[in-house]
Amino acid sequence: MSNNSIKLSIVILFLFFTILSISQVKQVELQFSDTVNKVTFSVPVWIDGKRYDTDSLGRITIELSYGDHNVVVMIEGYEIINQKITISEGTNFLFFPLIRSVVYAEENIQEIELDNQTDKQLYGSILNAFDDIYSRITGYQYSQLFHKNRGYENDNQTVFINGLPIFESDDFNVNYNIFSGLNNITKNKINSYSIQKFDYGIQGVNGATQIIINAADVRKQNVLTYSNSNVTYNHQIRYTYSSGLMPKGWAYSFSFSKRYAERSYIKGTWFDGFSYYGSIEKVLNKHSLSLSLIGSSYKRALSSPAVEETFNLLNSHYYNPNWGYQNGIIRNAKVRSVHQPLIVLSDKINFSKKFKVFFNLGYQFGHYNNTALNWYNANDPRPDYYRYLPSYYSSDSVVYHYTQSYWVSSPFVYQINWDNLYQINYLANNEGKSARYILEKRHEDVSSVKYSTFTKYQLNNYTEINAGIYGQFGTNKYYKTVDDLLGANYWLDIDQYAERDFPNNDSILYNDLNNPNKIVKKGDIFGYNYKFNYQFHYLWFQVERTFKKIDISVKPFFTYSSYQREGLMRNGRYPNNSYGKSKTYYFLNYGYVGNLLFKITGRHLLFYNTYYKNLAPSFNSYFINPQICDLTINNKLISVFSNELSYEFISQMLRVKLSGYKTSFDNDIEKMSFYHDQYRTFVNVTLTNVDKIYQGIEFAGEVKITKTLFFEGAANISQNKYISRPIAYINFANGSKPDTLTTSYLKYFNLPGYQKIVTAGLNYKSSNFWFIGLHFVFATDNYIQVNPLRRTEEAVLNLLPNDPLIKEIIEQKKLKSAFLLNFSIGKSWKINKQYISLNLNVNNILNNQNIVSYAFEQLRFDYENRNVNKFPPKYSYVFGRTYYFTITYRF
Amino acid sequence: MMKNKNLIQLVCSITFVLLACSCIKEDFDEPPLKIPTVDFKANTTIQQLKATYSGGLDSIKDTIIIQGVVISSDEHGNIYKSLFIQDSTGGIMIALDRTNLYTTFKIGQKVLVKCKGLFLGNYGGTIQLGYKDNNTIGRIPNSMIDAHIFRDGLPGNAPQPKKVKINQLTTNDICTYIQLDSIRFQEVGVEYASQMSSYTNLTLLDSAGNSIILRTSKYADFAYQKTPPGMGSIRGILTIYGTTYQILINSINDIFNWNTSATFESIIYSESFTTSQGNFTTYSVKSNKNWYWSSQYTCMVINGYQADEASEDWLISPPINLTTYQSAKFNFRTWTKYTDPTNSEPLTIWISYDYDGISNPNNFNWTKLTATLPAQNSTTWTSSGDINISSYVGKIVYIGFKYTSTSPTSATQWEVDEFKVIAK
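Chains A and B are the protein sequences, given in the same order.
Note that the working numbering has the first sequence beginning at 1, numbered continuously upward.
Note that the working numbering has the second sequence beginning at 892, numbered continuously upward.
Bound conformation, chain B alone (with noise of 0.2 Å):
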């Protein structure tokens, strides 16, 4: 009997110890790559679709197949649930209510698209391919995705943005990807996105002057990045809002060949008087007629006719801070009316760079400066063509427009506005 429980004892302890082991399965063999492929094929082109669309909310009920290649990525927060795609007709925005879309929609996708039971609608002149949402175009539902885009291989290279001029775009160019050269921004050095508002709209201006909106979401993960001097090339989607284009790009690296050191003329400074005499000074160095800013005119207007003594009346600007460019020049126009006989030069317009921005003009230096002014009693708006100050740069100077009449009663009427000074 004892002998006959030490072996169970033993036989038990021994089969134990080999049950110490773990018995479930935990190595799980990792599942293969699987390239996605469908079995149906388009029928109909990406501009034919857009084609169909009448206006409003429009079901789309024929078995309608596109396929385009995925040209947005939402991996960095611009884009958000919207899928891009575009075929060699044209492009067209998908909206799908599903985010990170990047993880399997990446850049070079080749997807189709069974449009059967979607939606075409209009957002802001954009046609999109949605769901309905009420009685508006909205995202398809994260459910019905899955039934709707299918992909079709693995991701490509990315596809070549179409080199375009801002004033070359049309409503072809919608929703593809394009790309623009030798593009700069309007504002340098703020952030691409405010966290104040949802999107921001920075300009894009080429070389031509043309502009063109990038539009940029606050939760862009390049929101705080600030924009460039200099210029470059950018890529993106087009998109367009009523009759403004705009370019969303889906990475900071879509500003690209940046060259910071490349330099353009901008207007460094510029009044146009339309709520107030803005920044500009007056000094009535005699009479009691003075400069003044009409609302009636929204510019700046002054007349010594009937004051009690001949007139002579500065403009001043503010301070202009040439001390970071090479060359600079300022324009304006002018107005004028009645005559003053013996006063050949009624206005004229000078620069101070020692002007202290209060004191009487006259206790310091100023240079006369030629611009083109309007013949007397002329009552024509003149441009004064762009004024050379290029001499000045590296100093921060003062523009005044002296305006002086012969007596009260032979006095002029001028009016000044739209100043602008342009640096480069």
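So here's chain A without its partners, still in its complex pose (with noise of 0.2 Å):
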């Protein structure tokens, strides 16, 4: 690995040297447009190696040196253009025909959730989709695999829409939630994949995206789309209309999308989503003045892991424990809920064609809510408790065979048998006493101003400046709510965790002291509740130098922070820090971008990015157990480096790219939970000082075969390991027992995902208006996300250094290794000047339903008998053949 970087890096260093040439320049007018369909927009250039953007003209106007150079143009629903030009002493104007692509290539990739962390990532990695060749190639093919680009977090990548942050201000993953469904408006987008240069705000290491959604910048269309798919949604109706800029200054756009399903692919799933977009603009003068609303409202009903003996008694990989029949009907017991809009308040001003500034103002408001079952001095009623499997009566074999068949004997076993829930409340009823089960709602209220204002300034022919200023303030409020009482008269608002603990304690049991034996119903709020105030504000200063050969850019940046913590009930757990305002904590944190680009010629190209940044917890991860009280950890500043190293090389027959990179983090902090049910309670680990590195190398290639065929593929092989001992720190949430301290002895185990995946496929596009393709995948080298506490002196605590035990309590599982096989066809047919397009893709045409997507080890941990299979890992399995059709009516 290592090696292969020092090689990399002395050739890239004697090309380097061999780069020296002066030469004239000219000033060049280029245009791309869509003559065809008489439309024109905003158009992303790549012109050896750096991106321009045209005005919504699809003109632009810029300085090149004489001889050759490269332009490329990936626009998606068009084909790509990959030009050599020649600007001589009489080039001054150069028209591109954007040839719109023979099958409209329909982004058609779905969230597939699981009740995880691992449900948002999926979407990430296709925003990523164009301009990288890399992400091009493999976010579409990769997705299915909840594949995590070089395994990365999902909070390392930031998505504006406009300019404005759209972040969860609690953990910093991006929430996809405003958008989902609306593909149409969301390919307008920039992006930047890594740490590549970045106009529009900062950067995570996991890159950046931009997405446009004022009317005039909506590219002019006309389209109907009826999808079938047996994924998340089974029909996805949407309908999308943009006017384009008008004659006189206006421009409008709508689009509407309706997805349902009543069974997604795993039993006991449903969606039912519908997503709205309008905006209208109006060009005044110099100013362009939009106002936008974009919304997803959505519910859907979850699949969770599960541990790997109910895959086996039940034969499938796609077994989900949170539904159960109630009175025939499948129920599931987890609901999410989410409608999150965002409006926007946009004002563009050009001043001159090399200076614009950019305003935009934004209020997001919503809610994101989950359901779950709750119990009060009953048995769990998830149907895979670990005592209810047979593997709990293994030391007798007549037993666990009765107990083998007896669980998969009905659904009221191996399901949730809602029935019974509802007879054991009708019971506690006649005696008066409060439910011994209910369904509850965590709730998890948004209310965020958002702004951004950014200059894109073109100070002379080489020197571009570009600084913004952005930001989000506002309100999460979290409770949780009776959602229903399964039929009895009233919950009792005590902790009954607590209650065990603490019998000589009457205070202590109390979710709010203020309101102590509070009797709630359907509706009524309990358990917790508090608020998050918060503010992020943002400053960045880009300098972009372009000469003959290397083009620099510099991006300095700082952020601050606050957080607050404003509880509204008093805990009896904590009843001196629990009820009201925390103290409000501030953070400053600093960051630079760089990137360098040498030009050895228009067609070899060579990139070298740096980025760094410090930066303030997140605020779940800072503050221990928020939902009862502010304690907050130590905080210790993260950090996060990373450098990058590309060579790509682009000419008509072949595009290949190839970068190294490396990337670490210190000090990171990683926070997980649990329900101990020894103890009765919630526990919560935080663990500091986490260091992580992640580096590899990256190969992408593309080759036109012959006229009509293509060839693709990319490659990544990575390392992405802990390298330090991390310090767990362990939070009882009824305060059972004290909170500690322990090290996790964390270092160089490896971070879940494939650390070596590539993927390959042929491309067929007819001229004859059709297109077939097929790819394949191969992953390997993928851990089992490992608990920290099983890494700790207590878990091997007077274990024999010799013991056998001890490697089993130890060692980090590998996974299997994972293939697919993807399909896609499409035909289009151009009748008038209206267009219908029929998309089908097949993915996992093999059925294989042994790639695990995602598994962890349960937190949880035996430290009795230290045996490994008390609480074994959970998984869940990448879905096995699915579809995805697509007919577009374009008109």
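I should point out that these hints are in silico values taken from the structure, not numbers from a laboratory.
Fair warning: there could be bad hints in the mix.
Okay, derived cross-link-like pairs now, PhoX-like style, lysine-lysine, Cα gap no bigger than 20 Å in a straight line [as the list claims (entries may be wrong)]:
1) Lys521(A) with Lys548(A)
2) Lys433(A) with Lys997(B)
3) Lys662(A) with Lys756(A)
4) Lys433(A) with Lys50(A)
5) Lys737(A) with Lys1109(B)
6) Lys925(B) with Lys1023(B)
7) Lys1109(B) with Lys433(A)
Using the hints, build the complex out of the two chains.
Here it is, written out as structure tokens:
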């Protein structure tokens, strides 16, 4: 690995010293437009590896040196332009027709949400899917594997809508809920892969995306789409109309999308969503004012990872413990409901061709909530609870086999038995007692003001200065309500876990000392109730200087954030630090991005990108147990340092890119929590001092074999590891045990995710309006997500050094390799000026149902007997054969 | 063309507004209350079932069905993974590998148990119905419970406990619901269960002084509560361990009708001199032969024979606090050998309320008390009888045993043991 890096560096240095020549420049105007459909729009153009954006008429004026240059345009729905141009004395204007691709390659990735942290990753990878050749080739193919690009977590990518940040204030993940389902709108975006240059804000180490939604900048279209699939939703119908900029300076655009599935791929899951978008824009002299609204409201029933034993018993990797029959109808206990629309007011001011200022103001509001079962002094209603499974009786083979046959005997055993929960509540009603089982709803209400202003200033022919300030501030509110009493009369708001452990202290069991023994009914708030008041402000400044052979760009940035918890309940376990406003915590951080491009020739490009930032921990990781108290961890500054060296070759026949990168995280924080039924409490584990390294080599290439046949392939070989021994801070939510600190010996353990992954495939594009593609993905070197509490002294206490149990406890399980074969076919017809396209994607055509998408060791560990199989790992699997069929009508 | 487009645009838009509504049914009908019924009948009484038990781990191979009413509840944590049922002939404990049984098996619930395939075993004298766990009786696995235990109807009223006296208990009462009246705790103000061990045994006494164990789990939700003074009633399930009867209560409400101001005599201080002289002190006024603790006889002994002079030696109790009582008495036993012809009272019993615990007792006020003492050279342990000291209630007192001899050649031997102070 490091040898390869060194070799690469030598080659690059050699090439660098060969670049020495000075020549004259010429001002040239280029124009790109779809003349057939009379459509013009802002087009991203890559000239010798540097990105330019045209105005909304597809025009751009730039300075180019005499000689050969390479022009690349990749816009979704259009044929790729990859053309050599020669600049000479007489070159003033060059026109490039945009030709609609024979098949409209619909972005047809659906989010597959699991009840865990992987859920939003998928969307992240496709947002990146263009511009960069590596992400273009891999984005779609890897998405089914839940593959995290380079292994990075989701909070390492930043996404902006018209420059407004849309990250979640409490954990820094990108909030894709704003726009899911509105593919026609969100495809109007500018991507920066990894730590490449980005002109609209501050990128993360896993890139950045700017989505542009103001009406005049959305491509003119009138499209009706119907999709049918067996993945997340069965049906989607979507209609989008965009006027483009009309003669009187008006533009409007809107889009609606209905997505629906009574049953998604996994039994017990369903989806019901409605997304909407509307924007109106008026161009007034130098100003261009727009008002946009974008939102997506959906409800979906979730699946959850489960232990291998349950999959084996039911002979399916898609067992979903979250549902059960109620009166013969499938009812899922975990339903997510989301609606967090964003309103955006924008003003673009074109002071001149060389100086533009963008003002954006946004307001986001809405809810994100999840339902789940809760119970009081009653048995665990979850059918896959470990004591219900045969393995709990593994010491007696007769009972073991009996329990096996019992567990699979009926969906009232291996799924939730709703009827039983009602009957138990009815019996409690007879005694005048509170519910034993309820369905609770955990709410997160968002109210956030966002602002962004940035400038583009062309100082001279060689220097461009971009700068901006943006941020978001507001309040998140978190609380629980009773969603369904399941036939009971009421629920008593006390902490049953505290009740047992502190029977002598009455006040400790109250969730709200201001309302002790509160009786709650449907819709009432209980359990916890607190606000998170936050401010995030970002300032960045980017100078870019273009030389004949070198482009250099430097971007320092500063961030300011402040957190405050505001408790609305006085918790009995933390009477003095749960109610009211906490101290406000301030964080001031900085970082920089440096991008260097060596234009060896227009076809041979060498990039060096460097990135550093330090950052504040997220609210969720900084507060140990924000649900009930305002205790925080000892803050240490997190820092991220990343370097990347890439070589790219572009010709008519061949385009390849090779990169080497190394990213290190220092003093990172990882937060996790689990339910410990022995102590009957949630346990919060905060790992601090987490040092991680992500390093690897990435390759991507495409070859035009014939005029119609294309080969493409990409590979990543990486090493993603922990490189420190983090400190684990363990907090028992009910206070039944004092908080403890322990060292987790995680050094050199692998981070989860495939560390070797390759894809390759052939695309055949007939001039006869049809298209066919076949790709494979092979991925290996994936490891289970380790339980840090299993790598502690306590976990191996009193074991002799040669005890084989030590290896069993400590060793990190390696997961099986994955192989996928994906197929796509499409056909278009042009009728007058209207297009009809049919598109079919069949993924995992071999129907391989044994690919793990996500695996983690349970955090609970059997310290008494050290039986690693008592709380075995949980898994989710990649779906088997899935299809996605789309019919698109453009008129 | 343009008109068509606008029309399509309008139709699409309207359609979508209609589509905005949700299509998934989420209002689930509540299932009706189900009244459990069974279509079979019991063919064996609980007593008959227990009578079939032949010792060890006994597999039930016949189609035996018993019927009973639930008398236990694990709601309050004292009873764990077991269900006690009784019929008119007796009761039995069923060991089940399931918690929170009370959510379905309420006290008063009629149940039928298909015993075939289950096992009978003996745990400390209590016959249990359960499943095998290696070669001993264990719990019925969770997965098997529904195939063996059936509810019949909704829970009825809690059965009336049988009122019994401790000394009338028989093995037939084991695993049945009983009630003891006029009962008190031997130790008042202690926690029902200590967190140091899984179970805590407390002694309950009736007015005749008969005792029974109250057995409480550390997981009981009343474990931290303190035993009350006074007396009252207790109801619960009778069990046995070895030959000791134990009572298990379902909740703290099973300690009831309690009169905390009721008074009764109790031993407030006792000393048996089994391992040492305890908190008693000795004071030698004269001679070098003193009171000592005998490891051979495990009592206090004195003999002035062959001393350097005639003896005067005191054995004095620790201070005894009578401040909270209405009446008090004490007793002990003594033994004597040899004769001291001119000394008619070699041992005398005294009481003082102003003694300081360490000094020469002759410097304080002592009042002589009358006790039954053995005749000279009788060598027979003799009980003192109760010595009433009720006139000293409200005070802190010392009780002294004063030994004298006429001369080193004319001295008796005395032994003192089993000292008890009883107060009310």
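Hint-by-hint comparison with the structure:
{"no.": "1", "hint": "Lys521(A) with Lys548(A)", "verdict": "violated (72 Å)"}
{"no.": "2", "hint": "Lys433(A) with Lys997(B)", "verdict": "holds (13 Å)"}
{"no.": "3", "hint": "Lys662(A) with Lys756(A)", "verdict": "holds (15 Å)"}
{"no.": "4", "hint": "Lys433(A) with Lys50(A)", "verdict": "violated (70 Å)"}
{"no.": "5", "hint": "Lys737(A) with Lys1109(B)", "verdict": "holds (17 Å)"}
{"no.": "6", "hint": "Lys925(B) with Lys1023(B)", "verdict": "violated (33 Å)"}
{"no.": "7", "hint": "Lys1109(B) with Lys433(A)", "verdict": "violated (24 Å)"}
The structure does not agree with the numbered hints 1, 4, 6, 7 stated previously, though it agrees with the rest.
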